[in-house]
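Start counting the sequence shown at 264; every next residue gets the next number (the working numbering).
A couple of the hints might just be wrong.
Derived CB-CB ranges, DEER-like [said to hold, decoys possible]:
no.: 1; residue 1: Tyr542; residue 2: Asp415; range: 17 to 25 Å
no.: 2; residue 1: Pro548; residue 2: Thr384; range: 25 to 33 Å
no.: 3; residue 1: Ser443; residue 2: Ala512; range: 27 to 35 Å
no.: 4; residue 1: Lys324; residue 2: Ala494; range: 25 to 33 Å
no.: 5; residue 1: Asp343; residue 2: Thr464; range: 34 to 42 Å
no.: 6; residue 1: Lys324; residue 2: Ser490; range: 23 to 31 Å
no.: 7; residue 1: Ser490; residue 2: Ala320; range: 21 to 29 Å
no.: 8; residue 1: Gly370; residue 2: Pro465; range: 24 to 32 Å
no.: 9; residue 1: Ala530; residue 2: Asp408; range: 42 to 50 Å
Once the Cα atoms are required to be at most 27 Å apart in a straight line, the calculated DSS-like pairs of lysine-lysine come out as [to be verified]:
no.: 10; residue 1: Lys328; residue 2: Lys374
no.: 11; residue 1: Lys374; residue 2: Lys414
no.: 12; residue 1: Lys497; residue 2: Lys344
no.: 13; residue 1: Lys323; residue 2: Lys306
no.: 14; residue 1: Lys328; residue 2: Lys540
no.: 15; residue 1: Lys380; residue 2: Lys323
no.: 16; residue 1: Lys540; residue 2: Lys497
no.: 17; residue 1: Lys344; residue 2: Lys324
no.: 18; residue 1: Lys324; residue 2: Lys523
no.: 19; residue 1: Lys328; residue 2: Lys498
no.: 20; residue 1: Lys422; residue 2: Lys306
no.: 21; residue 1: Lys323; residue 2: Lys523
no.: 22; residue 1: Lys306; residue 2: Lys523
no.: 23; residue 1: Lys344; residue 2: Lys374
no.: 24; residue 1: Lys374; residue 2: Lys422
no.: 25; residue 1: Lys540; residue 2: Lys523
Hints in this document: simulated from the structure, not taken from any laboratory.
Beta carbons are placed, not taken as given, at the ideal position from N, Cα and C, and that holds for glycine.
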Amino acid sequence: MKKRVFFAAAVGAAVILSLLHTNSVGAVAHSQRVIVPAYTHPKPAGEPDPYWSTLNALFKKDQGKTVLMTIVNVNDGPGDKADPNYARQLMDNTNNGIRNIAYIRTGNHTKPLAEVKAEITRWLSFYRNTISGIMLDEVVATQPDQIAYLKDIHDYIRKTYPYFVIIANPGGHISDAAASYADIFVTSSTSAVRYLGADYTPATSAFETSDETIERNFHIIYDATPSQYPAIIKKSRERNAGYVFITNAAMPAPFTTVPKEFDRAIALATAGSPNPKAYVLPGSPETSPKPAPAKPQQDTKPQQHNPQASPVPQNQTAAVASTSSQMPHTQESHNGQHKPNDDLAETGSNAIILAGAIITMIGIGLLLTACNAYRQRSRR
């Protein structure tokens with residue numbers, strides 16, 4: 264009888280333990296980070312600049328903790344000469360812990376590879392060590408020749424500037440064959456109505472559905488109302504987006520104003536625990552040192568990028584600046600660092616759950632034993 268009693272208690276405790284563990288995991292969602300497309304030119308020093316002054320205040324307060332990168336775009340690329348206003352703004356971003364990602368338009372791969380590489384060189388010539396990566400816009404990555412084009416650029420950047428972050432923007436879903444040729448892919452760029460709609464096309468590739476690549480998916484959602492922000496964040500997490508940007512601004516220029524209630528959108532995205540499988544970006548503290556940023560220079564002589572001198576803030580946001588093109592590459596047009604303390608917290612939580620299950624098991628066993636003894640005395 265006692266064996267049956269304790270066996271029942273053990274089974275009951277196991278069920279309780281399973282429920283406790285399931286609830287503890289399901290209640291925690293991995294936090295996301297924010298990349299800010301900023302398609303607005305900074306104004307000359309001394310002139311009112313509401314857009315960049317607002318972002319500067321945000322960046323200074325955040326120091327790269329949740330907003331990681333800005334994607335900057337002088338003229339669908341670096342332009343023909345250094346812009347002193349951009350030089351000043353890029354230095355401000357760097358000093359505030361933000362990585363600057365340089366925008367290059369591929370024209371759906373119609374731009375010759377040599378021209379793409381020349382533009383990368385000009386970005387570094389004009390703005391030196393304030394540039395920490397490249398954003399390739401209008402990328403197509405489904406057919407073998409398209410993937411070969413992307414691979415060529417990726418391999419060139421990785422060899423020449425090994426600590427650069429590479430972002431590719433197809434604006435929609437990609438094939439697994441292309442997944443190796445950028446650090447981050449914009450796998451959704453669309454309106455809030457479409458993003459939340461029942462007809463949204465789900466991803467099928469392992470890249471977009473695996474827990475291992477959460478931090479390599481970036482979703483951009485525009486024309487959203489602040490009341491839609493929670494639903495968008497929920498959907499973006501279900502769709503494996505590790506980076507998000509939400510704005511109320513609509514086409515044709517959704518990235519020229521600071522989003523309404525931007526602080527709230529950031530707070531919603533960054534709530535939760537860091538992803539324990541976070542992808543470590545090139546140039547992060549885990550992969551390179553973090554010296555003081557160098558002062559940008561204005562000469563136009565191409566210079567080999569020194570990856571060891573690149574700013575390497577732990578967190579980043581992406582902003583994109585553009586003059587000749589305000590149209591983002593969208594689905595309509597075609598697609599945390601892990602901290603040791605988080606392990607300790609999770610271990611402590613599991614220990615508490617286990618201890619509770621053991622106490623429950625003992626309590627159930629004692630209770631059933633007492634009940635059995637009482638029944639036997641009653642029969643006598």
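A quick look at each hint next to the structure:
For Tyr542 and Asp415, the Cβ-Cβ distance of about 23 Å falls inside the hinted range of 17 to 25 Å, so the restraint holds. Restraint check, Pro548 to Thr384: a C-beta distance of roughly 27 Å satisfies the suggested window 25 to 33 Å. Distance hint check: the CB atoms of Ser443 and Ala512 are about 33 Å apart, consistent with the given range 27 to 35 Å. Separated by about 27 Å at the C-beta atoms, Lys324 and Ala494 satisfy the suggested range of 25 to 33 Å.
For the pair Asp343 and Thr464, the beta carbons lie near 40 Å from each other, so the given range of 34 to 42 Å is met. Between Lys324 and Ser490 the CB atoms are about 25 Å apart, so this pair conforms to the stated range of 23 to 31 Å. Take Ser490 and Ala320: their Cβ atoms lie about 25 Å apart, and the range 21 to 29 Å holds. About 29 Å separates the C-beta atoms of Gly370 and Pro465, a value consistent with the hinted range of 24 to 32 Å.
The given range of 42 to 50 Å is respected by Ala530 and Asp408, whose C-beta atoms sit roughly 43 Å from each other. With a C-alpha separation of about 35 Å, the suggested pairing of Lys328 with Lys374 is violated against the 27 Å cut-off. Of the supplied pair hints, the one linking Lys374 and Lys414 holds, its CA atoms being roughly 15 Å apart against a limit of 27 Å. Distance restraint check for Lys497 and Lys344: the Cα-Cα separation of roughly 43 Å exceeds the 27 Å cut-off, and the hinted pair is therefore not satisfied.
Simply put, Lys323 and Lys306 have alpha-carbon atoms about 19 Å apart, close enough for the 27 Å limit, and the pair holds. Pair hint Lys328 plus Lys540 holds up; C-alpha atoms about 18 Å apart against a cutoff of 27 Å. With a C-alpha separation of about 32 Å, the suggested pair Lys380 and Lys323 falls outside the 27 Å cut-off, and the hint is violated. Of the supplied pair hints, the one linking Lys540 and Lys497 holds, its CA atoms being roughly 19 Å apart against a limit of 27 Å.
Proposed proximity of Lys344 and Lys324 is contradicted: the alpha carbons are some 31 Å apart, above 27 Å. The straight-line distance between the Cα atoms of Lys324 and Lys523 is roughly 18 Å, inside the 27 Å bound, and the hint therefore holds. For the proposed pair Lys328 and Lys498, the alpha carbon gap of about 23 Å is at most 27 Å, so the pair holds. Of the pairs offered as hints, the one joining Lys422 and Lys306 is violated, with about 35 Å between alpha carbons and a cut-off of 27 Å exceeded.
A distance of roughly 19 Å separates the Cα atoms of Lys323 and Lys523; the hinted pair therefore holds under the 27 Å criterion. Between Lys306 and Lys523 the alpha-carbon distance is near 22 Å, which keeps this suggested pair within the 27 Å criterion. With a C-alpha separation of about 20 Å, the suggested pairing of Lys344 with Lys374 holds against the 27 Å cut-off. Under the criterion of a C-alpha separation no larger than 27 Å, the hint pairing Lys374 with Lys422 is consistent with the structure, at around 21 Å.
For a cut-off of 27 Å, the pair hint linking Lys540 to Lys523 is broken: about 31 Å separates their Cα positions.
Violated hints, listed in ascending order, are 10, 12, 15, 17, 20 and 25; each of the other numbered hints is respected by the structure.
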